[in-house]
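Trainee: Chains as they are written, first to last, in our numbering: chain V, -11 to 487; chain X, -18 to 250.
Derived from the structure by calculation, the hints contain no laboratory data.
The beta-carbon is built from N, C-alpha and C at its ideal position, and this holds for glycine as well.
Check the hints yourself; a few may be wrong.
[Stated by the list, open to error] With beta-carbon atoms standing in for the labels, derived distance ranges: (1) V:Glu487 <-> X:Val(-7): 55 to 63 Å; (2) X:Pro30 <-> V:Gly288: 21 to 29 Å; (3) V:Asp383 <-> X:Trp11: 54 to 62 Å; (4) V:Glu242 <-> X:Trp33: 46 to 54 Å; (5) V:Tyr236 <-> X:Leu2: 33 to 41 Å; (6) V:Asn361 <-> X:Trp82: 56 to 64 Å.
[Stated by the list, open to error] To spell it out: a stretch of chain X is covered by chain V in this simulated footprint if at least three of its residues, at any positions, have a beta carbon under 8 Å from a beta carbon of chain V; those stretches are: (7) 32 to 41; (8) 151 to 163; (9) 217 to 224.
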Amino acid sequence: MKRQIGIITAMTLAMTGMMTISAPALAEEEEPVIVRASIGAEPDNLNPWMSAATDTEAIFLNVFEGLVRFDETGAVIPGLAEEWEISDDGLTYTFHLRDDVTFHNGEQLTAEDVVYSYETLSGLNGEDPISSKFATITAIEAPDDFTVILTLSEANSAFLQLTRVAVLPEGYEEQSTAPVGTGPFAFVEYVPGQKMVLEKYEDYYDEERMPQIDGAEIYIMTDESAVVNALQSGQLDLGTVYADTADYVIGDFEVYSSPQNMVQLFALNNSVEPFDDVRVRQAFNYVIDKQQIIDLVFSGYATELYSNFSPVMAVYYNDELTDYYATDVEKAKELMKEAGYEDGLEITITVPSNYQKHVDTAQVIVEQLKQINVDAEIELIEWGTWLEDVYTSFDYQTTIVGLTGKLDPNDILARYTTGFKRNFMEYSNENFDKLISDALTASEEERVEMYKECQKILTEDAAAVWISDPNQIVITRSDLKGYTFYPVGFMDLSKLYFE
Amino acid sequence: MKKYVSDISFCVGLALVSIMLLVLCVSFFWLPCDPEAMSGLLKLKPPSPEHWLGTDQFGRDIASRIMKGIQISFLIGAIVVAAGGVIGVLLGACSGYFGGWVDSVIMKVIDAQMAFPGVLLALMLIAVFGNGIGNTILALSIMSIPRFVRISRSGFLRLREADFVRAEKVRGASAPRIMFIHILPNLMSELAATASLTFASAVMSEAGLSYLGLGITPPDPSLGRMLSEAQGTILRAPWYVLIPAGVITVLVMGFNLLGDGIQQVNERR
């Protein structure tokens, strides 16, 4: 009996031995190459048409594609459409689609999907348009399976750039829970509060853009030091951090940095008292010391802004506005006196609590405003509530937020036109509206001048207090190569590879 | 009093609380610096003669902010104990003295409230009412009621049949008179222990909520919020995180030991 047991034990040992020997060999062969990265906020919506957050778009540009794409310089390049023609009057756009594109659910992309997408976006399907930007589309036709013709009611020189909006498969209803696109990465899962998982899409059509990694896990980390700790303990391969933390990552890491075409602003609701008075807004511009905010909050790694425009967009940037409101407390006091608020004022700053940099900025602003007897109270609210109360229903007095960089100056500035759905500053100026609409049909040289003029109007009217464009800093493991910056938030996972 | 002095927990607790009280008293008359003044030049400086405990990420004096933070902690602790105590003792007294359906109704409600974990309840209340000092106090006060109800109920239950109470009843004393003039003084030491423990847990909960970004709104200095802000700078300024953490520890431990001490002495009696 004893011997029997002995034999069995020996056999078991031998078997386990075999298994332990073979296991690593197998693993080595099939271990998928995964990049683990971080983002700073929870995705606001898994449906790319419904999402407004920068961080969400930065990831989802890997999953979804539009008719056109953009490269590192911000120039428009072919996407799902191989080529396109624009009629001389600027009203008709003909897109020739690729015939080798499939969605992640295996179905082929045809003109029908494009028609469905643009009908939904523009509201031509009889429902409310999802984006007011597409309201100018009057007709969508598909003469054959791979050609789509869009007709506009008015010429819009910024329209082509808009067609980078995601094309989604027709008749698929679960975009908000299990999104399906055409990009080099397919969506696998989203665990709220933890991570999003993407995997390489094996049937991706573009060989050059074929991912070199097998997948990515995007961890949601709202805290900077958590990102640094995760990088140092090897839990992350790539992390996005703010400048002041970058210097404190010790070990074998590469640090990449670039301005990110973002506008961080202290937005004043122009339609409510006391901010309906331009003098109060100007006084705020005079008293807020942007350099101090940049030093205290961003350790100096940010660029001062003077209008709603980042100098990264060099062609359209109006550099004459520098120090238009150079910090001058006496002048601010005078303006407050003229406006009748000599004895001070009580205001509320509504800040999304998950963005620590905005909360910190608010604290500095509270301190600076004391100089003109303004007693500011900080109200912290959740990001979801912020989107609802501030961004959608304009139910706020002042707020601090960062506006995502856009590729077209029209997209950046049109936010301030009267009646625009996302004009949460509730700014209104006829001349400004006119310039914005005229610029859409103007020649390129004229557009440049017009957008510069628009920036000037905004600054003169002190529509908001524009603070800074914070640098984007990305830290990667030193053997992870290929990180590329874009003028809009985009973590291009398809370019990453391990050395 | 002699019994208390011979109890180690009580003495240590009293000493720690006294230190904090001393700092609190000083803070009303004198602060080393303006706790809200910012300076880019003084960012995250280590302790020095000008700034005893160094400066935070905005160049604000940590020592002054800690003193101000202690004020807020005491304010919250005191109001929570007062509000929770008054309501809790009233409910507990009625429940224990009258018994019957009054007792059933009150205790059912209290049991239902106790089924919620404390911080979860506070989170819920803050989600409904919004954050800020007032609402934090409200949430923590509601959280502290059950403790007082249970302690005072058991006391009233025990004493309502006592001879001195019967004697008062025979004399024709009214119920409130018997409850609050004759029975309540006998429960003082038990209630003092509960108050001390509640104070500690209120300070702790406030720190926890503020740490989560839900309690006190910035720039008001709160120990919990300082801890969460310090966490972000732990790589550059490790001393900063130790200061609010240490103060919270001393404050909470002090009141806990004090409460334990009173309780132990009572049990021995």
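Trainee: Taking the hints in turn, state whether each one holds.
Mentor: Hints and how they fare:
Distance hint check for Glu487 (chain V) and Val(-7) (chain X): the Cβ-Cβ separation is about 59 Å, which falls inside the suggested range of 55 to 63 Å. Between Pro30 (chain X) and Gly288 (chain V) the beta carbon distance is about 27 Å. The supplied range of 21 to 29 Å therefore holds. Roughly 43 Å separates the CB atoms of Asp383 (chain V) and Trp11 (chain X), a value that falls outside the hinted 54 to 62 Å. A hinted range of 46 to 54 Å is violated for the C-beta pair Glu242 (chain V) and Trp33 (chain X), which are about 40 Å apart.
At roughly 38 Å, the beta-carbon separation of Tyr236 (chain V) and Leu2 (chain X) lies within the given 33 to 41 Å, and the hint holds. Separation of Asn361 (chain V) from Trp82 (chain X) is about 58 Å and conforms to the stated range, judged on CB atoms against 56 to 64 Å. Three residues within the 8 Å Cβ limit are the bar, and the stretch 32 to 41 of chain X against chain V gives 3, so the coverage statement holds. Coverage of the stretch 151 to 163 of chain X by chain V is violated in this model, with 0 residues showing a Cβ closer than 8 Å to a Cβ of that chain against a need of three.
Here the stretch 217 to 224 of chain X counts 1 residues with a CB under 8 Å from a CB of chain V, which misses the bar of 3, and the coverage is violated.
Hints 3, 4, 8 and 9, counting from the list given before, are not met by this structure.
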